[in-house]
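Student: Residue numbers (full-length UniProt numbering), protein chains in the order written: chain A, 1 to 593; chain B, 1 to 350.
In short, the hints are calculated from the structure, not lab data. Given the structure is predicted, the values throughout are model-derived calculations rather than measurements. Check before you lean on any hint, since a few could be wrong.
Stated by the list, open to error - Quick look at which bits of chain A chain B covers, simulated, 3 or more residues with Cβ under 8 Å:
| hint | stretch |
| --- | --- |
| 1 | 108-117 |
| 2 | 238-246 |
| 3 | 275-287 |
| 4 | 299-307 |
What the hints assert, rightly or not - Away from chain B, derived, C-beta distances all over 12 Å, residues of chain A:
| hint | residue |
| --- | --- |
| 5 | Pro124 |
| 6 | Arg401 |
| 7 | Ala449 |
To be verified - Away from chain A, derived, C-beta distances all over 10 Å, residues of chain B:
| hint | residue |
| --- | --- |
| 8 | Gly86 |
| 9 | Glu175 |
| 10 | Ser196 |
| 11 | Gln198 |
Where a beta carbon is used, it is the ideal one built from N, C-alpha and C, also for glycine.
Single-letter residue listing:
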Amino acid sequence: MKRELSLRFIAAFTVVGLILAPHVFGRFTVSLFNDIGMATLVVLGLVLLSGIGGVISFGQAAFVGIAAYASAWLNTSLGFSPWLGLFFAVGFTATSALIIGALTLRLGGHYLPLSTIAWGLSVPLLFGNIAALGRHSGIIDIAPLQIGGWELLSPVAAFYVIWALVGLVAIFCYNLLDSRTGRVLRAVRGGKVLLASFGADIFLARLKLFVLSAMIAAIAGWLYAHVNRFVSPAPFSLHASIEYVFMMVVGGIADLAGAFAGATVVIALRSVLQDVLPIFSDYAAQIQSVVFSILFILLLHHARGGLLKVLSPWLERKPVRNKVGWAETASSLKRRDLPAKGAPLLKVEGVVKRFRGLVAVNEVSFDISAGEIVGLIGPNGAGKSTMFNLLTGTLPLSGGRIEFLGTEISGKSQKEIALMGIARTFQHVKLRPQMSVLENVALGAHARASSGFLRGGLNLDSTEEASIFAEARHQISRIGLSQRELDNAGSLPLGLQRMVEIARSLASDPMLLILDEPAAGLRKAEKRALSDLLARLREEGVTILIVEHDMEFVMNLVDRLVVMNFGTRLFEGDPAAARADCGVRAAYLGEAA
Amino acid sequence: MSWDIAMILTVDGLGAASIYLLAGLGLVLVFSVTRVIFVPFGDIAVFGALTLAYLETGRIPPTIALVATLAALTVLVEIVRLIRQGTHAAIPRTVLNWGLLPLLPCLPAMLLAGGDLPTYLTVLLALALVVPITPLMARLVFHPIADASVLVLLIAALVMHFLLSGLGLLFFGPEGFRTQPFLRGAIEVLPGITASYQILLMIGASLVLAALFFVAFERTMIGKALRATALNRVGAQLVGIRPAATATVTFCLASLLAGFVGILIAPATTMYYDSGLAIGLKAFVGAIIGGLSSYPLTALGSLAVGLLESFASFWNGAMKDVIVFSLLIPALLVRSHFSTHAEDDAEEEV
Chain A
1 MKRELSLRFI AAFTVVGLIL APHVFGRFTV SLFNDIGMAT LVVLGLVLLS
51 GIGGVISFGQ AAFVGIAAYA SAWLNTSLGF SPWLGLFFAV GFTATSALII
101 GALTLRLGGH YLPLSTIAWG LSVPLLFGNI AALGRHSGII DIAPLQIGGW
151 ELLSPVAAFY VIWALVGLVA IFCYNLLDSR TGRVLRAVRG GKVLLASFGA
201 DIFLARLKLF VLSAMIAAIA GWLYAHVNRF VSPAPFSLHA SIEYVFMMVV
251 GGIADLAGAF AGATVVIALR SVLQDVLPIF SDYAAQIQSV VFSILFILLL
301 HHARGGLLKV LSPWLERKPV RNKVGWAETA SSLKRRDLPA KGAPLLKVEG
351 VVKRFRGLVA VNEVSFDISA GEIVGLIGPN GAGKSTMFNL LTGTLPLSGG
401 RIEFLGTEIS GKSQKEIALM GIARTFQHVK LRPQMSVLEN VALGAHARAS
451 SGFLRGGLNL DSTEEASIFA EARHQISRIG LSQRELDNAG SLPLGLQRMV
501 EIARSLASDP MLLILDEPAA GLRKAEKRAL SDLLARLREE GVTILIVEHD
551 MEFVMNLVDR LVVMNFGTRL FEGDPAAARA DCGVRAAYLG EAA
Chain B
1 MSWDIAMILT VDGLGAASIY LLAGLGLVLV FSVTRVIFVP FGDIAVFGAL
51 TLAYLETGRI PPTIALVATL AALTVLVEIV RLIRQGTHAA IPRTVLNWGL
101 LPLLPCLPAM LLAGGDLPTY LTVLLALALV VPITPLMARL VFHPIADASV
151 LVLLIAALVM HFLLSGLGLL FFGPEGFRTQ PFLRGAIEVL PGITASYQIL
201 LMIGASLVLA ALFFVAFERT MIGKALRATA LNRVGAQLVG IRPAATATVT
251 FCLASLLAGF VGILIAPATT MYYDSGLAIG LKAFVGAIIG GLSSYPLTAL
301 GSLAVGLLES FASFWNGAMK DVIVFSLLIP ALLVRSHFST HAEDDAEEEV
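Here chain B stands alone, though its shape is the one from the complex:
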């Protein structure tokens, strides 16, 4: 392998790493607050990418129908629950929160979609449409078993991936999309080595978002509430933080991150309804390196995964996924070695 090729692979790897960085942050966020190992993160990202593709080609994104369906279902389930509990008074509020609020981004999308839109508007609409999906799904799938063991939640998360990829096919169809790059052209970063503006945009956007995310987490009240829940659920509850509400906020943020991932990856790779699992799991390898708890280590892990993937694809394109997923086992071994779990494993009942 020559120096030039190594550099080109490194640039590619950094582009991929920026994607895994955002996804990894989302996974760590969701796990630390809700204990859900959110495997379907990539599926949500795919929805973002496909929504963008639909908007760009002047078609009405099926995401609107998806969000409406999910909102209707959630409202239905919630109302049944409230009636069973006998708390009818809470119904209007529930309809507002779970029915109307998620539909808010659908309205401008319905009005604007179909025309020739400027890029920034398609991006904004795609992001706004993706945000309600995860909290709605999570409310339906995870909320009723929020107190179950990590294992049950993991099974549910895996099942949710198959649910989402099935829904993806039903709503978006089987064809793959690749959107127009936001920026064209390339720049010579080192003598003889060029990097496209698009890749630089990916890296830059991801770093800025990660920084924003970090600041929001450290400085804002909501961020502090999330951190408190992550550190000690019962303690957070005792000081008045409601776990269900923090979970919803968490899933909204995760959804937004997934939206960004989708939008950044859409011009780089052709996306199909089932491309999500690979993205989610690779990001997950990075997040495991961070022990599903440390943001800086997750960033390093994502970098490792991105670079490994890039070099592996040069060595053997077909095997790159096998190589990256296999990294999970050494990552887990190292993690498990350093993590201090209880002397005697507690019994996990399913």
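Next up, chain A with everything else stripped away, as it sits in the complex:
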């Protein structure tokens, strides 16, 4: 509470300081602040894209340039007002980003950042070679911004416009990150499979982030064109893009406030160097580039977390609005109608999976009826995990079919399967360690709500958010973790993290819950608690399939067992019969038994 207060104090102090700044400082300093404001905008977008979404872009300046040129051209060639230019610039940049993003965002690994170099380099080259854009000399005499016939010619006038926009964009970003969409964006680095498990699409999430960051850069570019009233290719070069990355790393890559800190430090430093270096050399600009490069390299060596991380012991805080208080009054999210107990739910028919020559799953069939707990067991290498991946759509089938509620799901994507009501957990826990338990569980309810980018960013989603969080809190209380719902998920012991995963899958209101080795790494008491929870869920009508190693755990819990060995189904029946079955005993204990 105290920390939140001190943070509000810092924010208020910054705002008051900014309002007073033009009256205290001279014209030159105000211009500097304007540069900082425009850079802050670009870096805000970059933090969203890179720090949150994990996509490093070396081409952000190109988007600034596209917008600046778009508005400049519209203004000088067609005489449109700068305010119309804003819509044109942002729209045009967003379209460019959509095309570039759609082409490149599926690239894996380091190929994606490399592709950003390609357009980061090509776009400014393009500006320098198009006659309509003035080639290398650029476009001059761009109209300044106007408000009601009053031209904002002086840096002081521009100052307020720039910082008002920075403020609005920052608030939008903060709200967005703390919304339904924002939670998905913050989970993007957890990978494709994690996102699909609660019905989100990683490509779409990245594409939205990419376009959003380009649009924010576009606002900066539009400001640049009408404040400086001159555009040329140089300020949008690859060099400039890398300077934005520098600012982001200086500030702290995963923190929106780092954008402001990084832009301020880097631009202030540049200004100081511009004053000092000419005393020593004729090549001041180049020495500046050398000094910046050396500083950047030292930063990478010694403080990759950035300034905010260095200061974090004094600035530690929770990134989330306190949504806990709302839960009491919230309307609950829509629930699915669960099928009647005993109705056929899942039908696995002759499923085959081949990895080249190796047959991992061979003609396996079994059924699951609503309301029962079925265990899928087998010794190491039996094909359990492969079967699990086939059921959840993580791997494609080589043969056979899987039906869920009479609909064939073999061939459907992980996301589609998740949306149909099959929830899963992971053998290697996939929680977002930096997000709270509450938010991690709230991710599970993603598909049960609908608020998008705009509603999230504009904070129009309170009612729905309250319902989501009420649901999340309900599921957390079910696993008995209410005391720790605001802790970072990464700070919990492994056993509890597995429980959080179960709560997350429950938040999706599943008909079938598939658990991948839920008891692994749990202590005896925890196992008992888990087993009690699963038994209670069965009473409430949830159907459960457990893929498990721990025989004792499974035997006491399940209604039926499917035993696999060497990719084939060895046995299907109740636990007592499995214990007595010769084939099962042979598989586990060897022929002699």
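Put chain B on the given structure of chain A with help from the hints.
Tutor: Okay, now just chain B, sitting in the frame of chain A:
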């Protein structure tokens, strides 16, 4: 476009491709052994070209001062590190390896430069002077973060390009140089189509060097150690190959290749201190076609880039760079489609 023009463009394209071939081999080598995507390769090549130009015009190349500065800095950093670790005994060895060894080529250069030298001597000196630059820079920039993610190394490599081009201006000045061709005259390769001896020399030299490089990589012990490191770093370490040492050898080889690139390109194009990025990135497009791992595919990729550049410059001279860089995106798409990366992208922390 007539047949004649197409042939002339093809010959030009082959000349450019030979440059990108050598540079592409260097990039693949560095990436596979050290995971560094070595964007500043072209800058080192520029240093080679400018050094040659200085030597040819009878001036003392500033490369000597550059190498001396870098060596002094590296020794300083290394000594501080050793003192911090408490391993004082290793200091003399470090001074020898990082301080004196890189200065070795400076001595003959100091003695000989300034006079009217025969061509072979200027070439040898330029090569020898360029070789220490990359390993020294890499020791300073990449060694302390050798275990970081590919992404962090890529950022560092990009920053290093700006550092090198800044240093290039400080040491070599802003003017551009073009050296004398090693061979004059031309030969009629097909009826009506001539190719200058210089271009044939470029192509020939590059093919011979690529072949030598290939043989050294396949047959020698050092080559095998590099390949082992490229395939499996931990495994190589377990059989006694030191990653830091292989990295240094790799950067020496890359430096040498960059030197050759500089010397071959110097008579063909006017080189400025900042011409390096374009050369490095075009070679890089070729290397990406080879997935940053396959040498034969890189050769094909370089050929494609060289020819595309040549034909693009005929079609629209100003846009040729845009066209070549844009090839990177389809190349990446194809690559990414065929490469088998993990089902679920691992999280890369910066």
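Student: Taking a Cβ-to-Cβ distance below 8 Å as contact, does the stretch 299-307 of chain A have at least three residues touching chain B?
Tutor: holds (count 3)
Student: Checking the smallest CB distance to chain A, is Glu175 (chain B) really beyond 10 Å?
Tutor: holds (13 Å)
Student: Verify the coverage statement for the stretch 275-287 of chain A against chain B, using a C-beta to C-beta distance below 8 Å and requiring 3 or more qualifying residues.
Tutor: Holds, because 4 residues of the stretch 275-287 of chain A bring their Cβ atoms closer than 8 Å to Cβ atoms of chain B.
Student: Grab the minimum beta-carbon distance between Ala449 (chain A) and chain B and tell me whether it stays above 12 Å.
Tutor: holds (25 Å)
Student: Determine whether the non-interface label on Ser196 (chain B) survives the test: each CB of chain A must be over 10 Å from its CB.
Tutor: holds (29 Å)
Student: In terms of beta carbon proximity below 8 Å, does the stretch 238-246 of chain A have 3 or more residues touching chain B?
Tutor: holds (count 5)
Student: Minimum C-beta separation from Gly86 (chain B) to chain A exceeding 10 Å: can you confirm that?
Tutor: holds (20 Å)
Student: Taking the closest pair, is the beta carbon of Arg401 (chain A) still more than 12 Å from chain B?
Tutor: The claim stands: Arg401 (chain A) keeps its Cβ more than 12 Å from every Cβ of chain B (closest is about 23 Å).
Student: Does Pro124 (chain A) sit more than 12 Å from chain B, CB to CB?
Tutor: At about 10 Å from chain B, Pro124 (chain A) fails to clear the 12 Å cut-off, so the statement is violated.
Student: Taking 8 Å as the C-beta cutoff, is the stated coverage of the stretch 108-117 of chain A by chain B satisfied by three or more residues?
Tutor: holds (count 8)
Student: Would you assess whether Gln198 (chain B), listed as outside the interface, keeps its beta-carbon beyond 10 Å of every beta-carbon in chain A?
Tutor: Correct as stated: the minimum Cβ-Cβ distance to chain A is 28 Å, above 10 Å.
When the structure is compared with the earlier hints, a violation turns up for hint 5 alone.
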